[in-house]
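Protein chains: 2
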Amino acid sequence: MLYLVGLGLSDETDITVKGLEVVKKAARVYLEAYTSILLVDKTVLESYYGREIVVADREMVESNSDEILRDAQTEDVAFCVVGDPFGATTHTDLVLRARELGIPIRTVPNASIMSGIGATGLQLYNFGQTVSMVFFTDTWKPASFYDRIKENRDIGLHTLVLLDIKVKEQSLEDMARGRRVYQPPRYMTVGQCAAQMLEIEEDKKERAYTADSLAIGAARVGGKTEKFVAGTLKELCDSDETLGGPLHSMVLLGRRAHELERDYIREFAVNKETFDKSWNAEYGKQ
Amino acid sequence: MLYLVGLGLSDETDITVKGLEVVKKAARVYLEAYTSILLVDKTVLESYYGREIVVADREMVESNSDEILRDAQTEDVAFCVVGDPFGATTHTDLVLRARELGIPIRTVPNASIMSGIGATGLQLYNFGQTVSMVFFTDTWKPASFYDRIKENRDIGLHTLVLLDIKVKEQSLEDMARGRRVYQPPRYMTVGQCAAQMLEIEEDKKERAYTADSLAIGAARVGGKTEKFVAGTLKELCDSDETLGGPLHSMVLLGRRAHELERDYIREFAVNKETFDKSWNAEYGKQ
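Chains as they are written, first to last, in UniProt numbering: chain A, 1 to 286; chain B, 1 to 286.
Warning: the hint list may mix true and false statements.
Put simply, identical chains are the same to the list, so a pair is met inside one copy or across any two.
[Unchecked claim] Computed list of lysine-lysine pairs in DSS-like fashion (alpha-carbon distance at most 25 Å, straight line):
(1) LYS224 with LYS234
(2) LYS272 with LYS24
(3) LYS42 with LYS234
(4) LYS25 with LYS224
(5) LYS168 with LYS204
(6) LYS42 with LYS204
(7) LYS205 with LYS42
(8) LYS285 with LYS42
(9) LYS25 with LYS166
(10) LYS285 with LYS205
(11) LYS285 with LYS150
(12) LYS224 with LYS285
(13) LYS272 with LYS204
(14) LYS272 with LYS141
Simulated from the structure, these hints should not be mistaken for laboratory data.
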């Protein structure tokens, strides 16, 4: 059996009782470690679960999945994923391959940022499609997120923006020279995301949003040090110190936002005066 | 401290280790039992958690929340919610009230149907806003879901449809006579949902979808007997026997559905021939 086990969002105790039983008994335990991270190290998980864990990087999952699935027709393999196992496309591939090999599959769901973001107080019903924001470089500024945000905003919906993480990345130079040397991990901040969004709006000028549009920056959702900051996109450009360490996510508000949502998030406002001004100009309109 | 503890989707072992620790230690434990249900009875939870549980019905949570919050400034109260605590509006109210009373709050996230529905193989990124479907009566057929589905479909997105549950409902006669007698619980099926959707399309004729549009019926997501059925809306009208008991949910596909999603869900097709025909007519268009 292939078990896809969600680990939740924060630390070793976010696994479900059902998931923990699977991990303790499985013949092999893998940890997918490139689409998201927990706030604790692998060694903490190993000690808590009482099991050795093999870190599965992108290359392994995408190109060498048969090693993960080896003998899973007859023994149990636990493939652990931060959040819920079905947040990222890659794991659909793994399941399709398991099906081809006649391996039975079971999922142990857990909290995902897709639903955990409800802790902001924004109603999950009012979210449109989710977008991803990648780190811009001088020559590569992919802006496909912009059209999708505009589609959501045109019908008044919130947008969850998931922020890039870079783990086990090589520099161009090391890659060219074939050196297996990796850069330190990088996690995009809400400030970087807000700045990139404003850069693209400046370029496209279709008013999908403005510097005065309201958004919520979220840090370490579901963790003990969970932190939310509400403000205009311009204000959120400078919110990283308040938010603290990774992981960060962001929600751009849609104009259909309800007064109950306002009452909830106003508590997180950087500046209640600018918050109210932006709210009155753009939101609470059904 | 007020702890909002997510219980996940299926049975007593879907609670997280962190959540279980909170429930075991809290001064009082409540179970919100009207927006969703687990697939096991309260007594199973009580025996597994080793705690007595007070069922909090809608009236208690919405009108008598101060009883739930009593003394939570100084002792721990666990308010347990099926799925994730922030799936339903009601709990935002409870938190706002707790804030007013100066009670510290912590959330223990868990799987929600909003993310668990990813187990269909459909990409969570491609979902638009979520809608609710209530039981129609002869005189009351609320159709606000229709416009929202149309908004999603116009931009090619999937729609998660959450299906009505009726627990502790009085008949009109009993209500009129002031008798506190309750009807047996009712859970909407995918077949009922599909039929109601087609009834409203027949009425509105805006082609938000047709009888040939593809959808996935989902039953007992995250449970051992989890079951998915893919087919046209017409086919899904007759899928209840295949799907089995509650809880059911449905996803109406958006035309941006990707080939990888097709490969995954085709396995669940009632009829692969009609599935392929509908797919080729309407889907996989970016």
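TODO: Enumerate the violated hints, using their earlier numbering and listing them in ascending order.
DONE: 1, 2, 3, 5, 6, 7, 8, 9, 12, 13, 14
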